[in-house]
Every structure is written in C-alpha cells, then in structure tokens.
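Fit chains Y and G to the supplied structure of chain V, relying on the hints for placement.
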Amino acid sequence: MNKLILKALTKSINVYHAACSPCNNCDIEILDCLTPRYDLERFGMTLVGSIRHADAMLVTGVPNMKTAKRIKLVYEQMPKPAVVIAIGSCACGGNLFRNSYNFVKPLDEIIPVNAYVTGCPPKPEAMIMGVVKLIKALKAG
Amino acid sequence: MTEHKKQTIIPIGPYHPLQEEPEFFKLYVEGEKVHKLDIELGYNHRGIEKISESKHFDQVAFAVERICGICSTSHPFAYVNAVEDLAGIGVNDRIKYIRSIIGEMERLHSHLLWLGLAGHFIGYNTVWMWVWKYREPLLDLFEFITGNRQHYAMFKIGGVRLDIANNDIPRIRKMCDDLIPAIDLFRGAVMDDPVIQSRAKGIGTLTKKEAIDYCAVGPIARASGIDIDIRRDNPYAAYGMVEWKVITRHSGDVFDKIVVRILEMYESIKIIKGCLKGLEKEPEGNIDLKIKNIPAGEGIGRHEAPRGEVFHYVRSDGSNRPVRHKIRAPSFMNVATNQITTTRGTVSDAAITLGAVDPCYCCTERCVVIDKKTNKKILSGKDLIRLCQEKTREISGKLNKKIE
Amino acid sequence: MNSIAEKVKEKFGSKTIKYLRKNAKRHYFDVDAANIVELVKILFHGMEMRFITATGIHLREGFEILYHFSNDKTGEVISLRVLINEKVNPEIDSITPLFIGAEWIEREMWEMLGINFRNHPNLKKLLLADDWPDGNYPLRQGKQ
Numbered sequence: 492m493n494k495l496i497l498k499a500l501t502k503s504i505n506v507y508h509a510a511c512s513p514c515n516n517c518d519i520e521i522l523d524c525l526t527p528r529y530d531l532e533r534f535g536m537t538l539v540g541s542i543r544h545a546d547a548m549l550v551t552g553v554p555n556m557k558t559a560k561r562i563k564l565v566y567e568q569m570p571k572p573a574v575v576i577a578i579g580s581c582a583c584g585g586n587l588f589r590n591s592y593n594f595v596k597p598l599d600e601i602i603p604v605n606a607y608v609t610g611c612p613p614k615p616e617a618m619i620m621g622v623v624k625l626i627k628a629l630k631a632g
Numbered sequence: 135m136t137e138h139k140k141q142t143i144i145p146i147g148p149y150h151p152l153q154e155e156p157e158f159f160k161l162y163v164e165g166e167k168v169h170k171l172d173i174e175l176g177y178n179h180r181g182i183e184k185i186s187e188s189k190h191f192d193q194v195a196f197a198v199e200r201i202c203g204i205c206s207t208s209h210p211f212a213y214v215n216a217v218e219d220l221a222g223i224g225v226n227d228r229i230k231y232i233r234s235i236i237g238e239m240e241r242l243h244s245h246l247l248w249l250g251l252a253g254h255f256i257g258y259n260t261v262w263m264w265v266w267k268y269r270e271p272l273l274d275l276f277e278f279i280t281g282n283r284q285h286y287a288m289f290k291i292g293g294v295r296l297d298i299a300n301n302d303i304p305r306i307r308k309m310c311d312d313l314i315p316a317i318d319l320f321r322g323a324v325m326d327d328p329v330i331q332s333r334a335k336g337i338g339t340l341t342k343k344e345a346i347d348y349c350a351v352g353p354i355a356r357a358s359g360i361d362i363d364i365r366r367d368n369p370y371a372a373y374g375m376v377e378w379k380v381i382t383r384h385s386g387d388v389f390d391k392i393v394v395r396i397l398e399m400y401e402s403i404k405i406i407k408g409c410l411k412g413l414e415k416e417p418e419g420n421i422d423l424k425i426k427n428i429p430a431g432e433g434i435g436r437h438e439a440p441r442g443e444v445f446h447y448v449r450s451d452g453s454n455r456p457v458r459h460k461i462r463a464p465s466f467m468n469v470a471t472n473q474i475t476t477t478r479g480t481v482s483d484a485a486i487t488l489g490a491v492d493p494c495y496c497c498t499e500r501c502v503v504i505d506k507k508t509n510k511k512i513l514s515g516k517d518l519i520r521l522c523q524e525k526t527r528e529i530s531g532k533l534n535k536k537i538e
Numbered sequence: 014m015n016s017i018a019e020k021v022k023e024k025f026g027s028k029t030i031k032y033l034r035k036n037a038k039r040h041y042f043d044v045d046a047a048n049i050v051e052l053v054k055i056l057f058h059g060m061e062m063r064f065i066t067a068t069g070i071h072l073r074e075g076f077e078i079l080y081h082f083s084n085d086k087t088g089e090v091i092s093l094r095v096l097i098n099e100k101v102n103p104e105i106d107s108i109t110p111l112f113i114g115a116e117w118i119e120r121e122m123w124e125m126l127g128i129n130f131r132n133h134p135n136l137k138k139l140l141l142a143d144d145w146p147d148g149n150y151p152l153r154q155g156k157q
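Residue numbers (the numbering used here), protein chains in the order written: chain V, 492 to 632; chain Y, 135 to 538; chain G, 14 to 157.
None of these hints come from the bench; they were simulated from the model. All of these numbers come straight from a predicted model, not from anything done at the bench. In this text, a Cβ means the ideal position worked out from N, Cα and C, and glycines have one as well. Take the hints with a grain of salt, since some may be wrong.
Just the calculated beta-carbon pair ranges, DEER-fashion [to be verified]:
| id | chain 1 | residue 1 | chain 2 | residue 2 | range |
| --- | --- | --- | --- | --- | --- |
| 1 | G | Lys24 | V | Pro527 | 52 to 62 Å |
| 2 | G | Leu72 | Y | Arg321 | 44 to 54 Å |
| 3 | Y | His169 | V | Glu567 | 27 to 37 Å |
| 4 | Y | Gln141 | V | Arg561 | 23 to 33 Å |
| 5 | Y | Gln193 | G | Leu72 | 18 to 28 Å |
This is chain V alone, in the form it adopts within the complex (with noise of 0.2 Å):
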C-alpha cells in the first residue's frame, strides 16, 4: 500500500458504527470505548455520523433478510481504502442465530472482514486491542 495512503489510514482513524441487528450490546461497548474510562478519543478515534468520513466500519450483529443488502449498501459507500472489523460472535460467525430462518449468510461473505474481535460481548479492551493489532498488521504490509 501507497505510503501516504496508509499513513492516512491508520492515523485518527474515524469510525463508523453499522448494527447489523445485533443485541445491542456490542453497541453500547462500543460506545463505553469513547467515555470518560477508556477514551479512546485521545487517540484521535472519532465516532462518525456518516459513512462517507468513515476509516474503518465495525459491523455488529448477525445479517438478517433486512439488513444484509443494506450492509452491503453502506460498505460500498464507504472510501476506499477503508477496513471493516467485525464486532462481537454474531458478527464473526452467527453465533446462536446462525440457525434462524431470518438468517442470510455469514458477514464476511457478504462484504470482506479485515478484523475479527469475538466475545459476547467483547470487553472495551478487547476492542482496542483488535484495533491496534490491525494496524500493526496493516503497517507490515
């Protein structure tokens, strides 16, 4: 990768939060990452309104019938280069739901993953700690 491209990436990165219809409770972790115990703002992550400002995605939740062409929709919007991670089990791989009826297919098929962070819910600092090893693993080339 072109190295004013990557240095853009992985500086202050913005955020964009896409539920996928999670449990929400991804969601609020995700939130926890920006207030005042783990602030992650010092680092110059922001959370964004809109997509099209948008570094990195992170996908919540299982692809229902609903949403799946939706997400797919919003991650073509999206900048390039840009990077998705997938927050949480039912977005790496379905989790409980994976057997419902109003199940798709799993997410990285609909759209391509670049992080994967498991846990129901994963920690705040397991969050982090999935950011930090993509862009260590994005500057390795």
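Chains Y and G alone, transformed into the frame defined by chain V:
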C-alpha cells in the same frame, strides 16, 4: 398529497437494537411540523421464538439473554418465572434476593445509560460523559458478581448460577452509597435546569387515555399517570419482601418520563439495600434446586424490566424443549406510542421524543433525511441531533437574556 | 378478596367452554372464536384490563390463539384461548378496531403463522422482509 405540497419524508433508522424489534421511522414533515410517523420493524428480527423451540429448557435461558443487551436480565427473569409457573416451583429466599439484586442493578445501569443518551440528544454531552462515567463502577460490580460486564447469565430454572458471598455484601452496599450522590447530581442537573425544562416540558405528550389504548407499559405508562408495576402488582422474587414504592407522574411528556426514571433509581437502590439485608440472614450456597424435568403444561412469566413489563409464555409437552415460547418485550407496546407523540412537535423535538421511549442511540444516529422528489440525501443522522442541539442552544441563549 | 376471575366467569356466562385455574394469579378461559370480539370488549372496555399480548400456536388440529389480559389491580393474568379448526387458511375477527394496541401483534401473527384477521385496518408485513416468499410461515410446524 396536493394540500401538502412540500411534504418531506425523513427516514430514521433502521436500527433500534434494544429488543428483537428494531425500528425504521418515517417522519412525514411539512416545514418544521411533523405530520405523520410510519414505523417499520424487522431490521433486527432474528427469529428467537423459533430458535427457542430447538433448545432445551436450560439453554433457552442463555438464548433469551441475547434478545437485548441492555436489559439482558429481564428476559431470563421472565423466562424462569414462566417455567417456574409452569412446573409449580417455588424457590427459596436466597435465590429470590439474588435475583432481585441483579434485576435492580440492571435497572440502574439501564436508566443511567438512557439518561446519558437523552442528554446527548438534547445537546448536553457533559451529562452523557458524566453519567457514563458513573455507570462504570456498576459494570465493575457486575463483573465482580457475575463474571461479565453484560450478559450476566445468572438465571437458571430453579435457582441462580453464582452465589453472592456474604463477605462481598459491604462492597455492593458501598457501591449503592456511592451512587446516591451521583444520582443527586443528575437530579439537580436535569430537574432544576431551565433549559431542559423548556426543552422537555409539554413535548411528546402521551395522555392517559392514549396510553391505555396503546397498552403502554413501564415508565411510559407511569409518566402518563397509569399506576402499574408488575413488581408490586404481581410480586415475584423478593419484591414483595422489601420496602419500596412505585413512582408515577401525570402529564406524560418527555420531562415526566425523565423524572420517573431518575426517581426510580432511588427506589432501585432502596430495593437492593433491602435485599442485601435479607441476604445476610440466609445461609450461603443454597442457590440451586436442581430441577431435572419440566412437566407438560403452560406457564406465564412476567418481569418489570427497565422499559416495562416483559411477558413470556412457555408451553411444554413433557419433552426437554418448549413447544412454544412467546416473548413480548415492553418496547413492542411502547414504540407504537411514537405514532402520536411525535406528531405533536417539530422535527427538532423528534429526536428526544423518540428517545424518551428508551430506544437506543442507533436509531437517531443512523437517520438520513431524504427529499421526496429527488430522493437525495440532504441531512445525515448527525444533523437531526444537531438540529435538536441547536434548538437547545437557542433556548438557553434566550433564557440567559431574560435572566440578565 | 373476591377474585377477578369469578367476575369474568359471571360476565361471560355460557360463553365459557372450559375454565382452568392454574393458580391464584393465572386463569385460562376456553372460548369460541366467533365470540372473541365481544368477549375482548368485555375485558378491555368493561373491566378495564390491560391487553398484554396474544400468542399464536400451530397445532395438529389447527391454530390456537391465546389473548392475554392483565388485571393490574390484583396482578392476575386472564388468558382467552381460541381454537381455529382450519389447517390451511385460518381466519378470525380482528380486535384492532377496539383498541390500537393490538395492531402490531395481529400483524405479527398474520405473517408468522398465516392467520388472517378480518377487519384489520392495516394488515401488512411487520417483521419480515418485503420480499419474503408468500405462503412460507416461519412459525408453522413441520414445514421449512
């Protein structure tokens, strides 16, 4: 359509990850005024009722926990109530106390979370950060008692999975004591603030008659003057054994919904303290009745979750799996009330009105304004919150002038 | 204290087919599907009970619907049990015209179980995707 020449549709959503029912709101606006609200569900439908039929009774308690993250104890609570009603099981006092403590700690955490988000919606990000800061010790305590910050997995049929050691009781009591000054702070910050008052009073009103018609439950019904609370009306766990009272208000606007939730937190602390007192007297370790078989039959379980009554209906045919498991979450009734409450205000009030029902931030954070003719996005989700926050600033500017 | 179930029994009269008292707080009344609107009106408007929800169940002989009502003063739950003896195209009168609170649950039963509600003002999909195949009801048994 001809009379509403410049009608615009504002889709808000599609996620409301609070329960299995997420929402997609379509606001029909004319200028500033909201005309109609369409609610579309299904963005979060994962078919848990069907999944539940393929799990055995013990596993279902874990499965229903995954319906909702914020009130992840209320569904297992109602489920074990339902199965215990089905099989006619009565649990001992220690189990009852532990269940009530977990239930009330969850109410505290849920109300705090909501209060923070409500602050965020009307532009008081300080309130948001503060509240979430004070919520952390509560989550630490959850981790200490149950081993997890969320999804506690404490409930099982005929018992709880982990005991609270009597040595740990002072720590829980200290947390409760530490929380009271924080809640006092929020009560002062919210209830005495002229800006919040003018922003929330008379906004999104739900009258008593409408609340009855929509069968609203929980804080929404209590803010509209309906005196219902399953914990008192149909006592289960330890709620009949400790002193507390039900909070009601009468005007049904956003302000009353905030007040009900804040005052309920004091009651929750009262319940936890009462339960701890009872817990000390009970011998340790007696926390599981070891239920093996669930007979054929049907049972109904209810629990007053932070958002209202959770209802579970379980039918068994004597095998190890439920034949039918019906789940009704409180928001299923409460969210429908938005159909009237939002039409009484402007777009800038919509965020807080929708928020007052206690859905989640995702709703408002992911909304997009679409012009009906060109079908082009004009405003992003953030802009709706921005609109809401700007109005607050405007009002506070005017109020400050008056004071001067 | 006089149980609310006794009063319900009195008001329903001969319309109760079978009464089951599970315990002091849970009462089940088997009633005929043709009377459902009238009986729900008695409970909701006449006795001021709160409608909790309705449960639809697919059985071998047809469909069963349980209408759960809560009497919040005494904490009792009254459930009206209705059996629809029809295996393919079950139908019943809608109770939504009586109060708006029943709208969503009837829509849910319609899409999940395929029970048609007569006189429902707004019978369209609630939870499932718009392109969900017709005639495929997820909560019906034995058919995938």
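State the violated hints by number, sorted upward, taking the hints as numbered earlier in the document.
Result: no hint breaks.
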